[in-house]
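From first to last, the protein sequence lines stand for chains A and B. Just so you know, we're using the numbering used here here: the first sequence kicks off at 1 and counts up by one. Just so you know, we're using the numbering used here here: the second sequence kicks off at 1001 and counts up by one.
If you are wondering where the hints come from, they were derived from the structure by calculation, not from laboratory data. Each residue gets a CB set at the ideal place from its N, CA and C atoms; glycine is no exception. Keep in mind that the hints are not guaranteed to be accurate.
Short, incomplete list of chain B residues facing chain A, as computed with Cβ under 7 Å [as the list claims (entries may be wrong)]:
| hint | residue |
| --- | --- |
| 1 | V1047 |
| 2 | N1063 |
| 3 | E1085 |
| 4 | L1092 |
| 5 | L1097 |
| 6 | S1112 |
| 7 | L1120 |
| 8 | W1121 |
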Amino acid sequence: MSTSTLNAQTRGFCLSVAITSVASALLMVAKETNPGLMGFMKTITVHHWVSHGIFNLLLFLALGMLLARSNNGQGPAMDDDQLINVTAGGFLLGCAIIAGFFLIGG
Amino acid sequence: MTLAILLLHALTGMLFIFTAGFVFVDTLNASADNIERIRLMSRLVVVLLWLTYFIGGWWYVVNYAPEKAFIMKGPWKFAHSLVMETKEHVFLGLLLLGTLLPIIATNDIHKSAGARKLMLWVTTLLVLVGFGMDGAGAIISLGAKVALLPVVGG
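Just chain A, same shape as in the assembly (with noise of 0.2 Å):
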């Protein structure tokens, strides 16, 4: 049973946020590590970074969405200390990932 303070719009972004945040780092790793993938994203858009950020808005909005309306319109059943861990864990562990990549690849 959730025992959240917070609205659904509220927590359906959070968890998006998390969720888009950690896939990002891993499209990341996945285009910099297969020059297919690296040289498609660069023939959607002008460039492979203004294609990842739109496939991470698509995503996050997508998602947050869908979220918000889950769990009978209440959003995800966390209690705000949950959302709030998963949605600053979520989002440093992209950093982690992004930045721990070109850290040993770079």
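Position chain B against the provided structure of chain A, taking the given hints into account.
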């Protein structure tokens, strides 16, 4: 003109950090009197953050290639291979994190301890990572500068 665009990117970036810091302090003192200001300033954070992204992104896509080439020939290759690569990808996540602020501000910040705590965490991350972005920009600029300096006594 291109350097002016780069300075504008740094300016809007610093204003975004300042505004996020303002929201942090206002949230510490959240009450019925300042809740609307918190909501307004949260929206301003998002506007400044997305402006920083579009201005910096335009410069990066259109003008960065020659600078990158200089950096990679100079002594500070890490300014691109580590710092710029990390900056450009971390920024994408920062953009979404900042976009959360007006959504969090739809809650009654002054009544919900959870909403206040979430707002404080998100604004703290925005300010700290924002300063990191600012420092990264300085390192990238220095990477280009040291690559262009004449070799003294060489």
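Taking 7 Å as the limit, does the beta-carbon of L1092 (chain B) come near enough to a beta-carbon in chain A? Holds, about 5 Å.
Given a cut of 7 Å on the nearest C-beta pair, is the interface hint for E1085 (chain B) held or broken against chain A? Holds, about 5 Å.
Going by Cβ atoms only, is L1120 (chain B) closer than 7 Å to chain A? violated (9 Å)
Just to be careful: measuring from the Cβ of W1121 (chain B) to every Cβ in chain A, is the smallest value less than 7 Å? holds (5 Å)
Once the shortest beta carbon distance from N1063 (chain B) to chain A is found, is it less than 7 Å? Status violated, d = 12 Å.
Cut-off 7 Å, beta-carbon criterion: hint that L1097 (chain B) touches chain A: Nearest chain A Cβ about 5 Å off; hint holds.
Taking the least C-beta to C-beta distance, is V1047 (chain B) closer than 7 Å to chain A? With a minimum Cβ separation of about 16 Å from chain A (threshold 7 Å), the hint on V1047 (chain B) is violated.
Measuring from the C-beta of S1112 (chain B) to each C-beta in chain A, is the shortest one below 7 Å? holds (4 Å)
The structure fails hints 1, 2, 7 (numbered hints given earlier, in ascending order).
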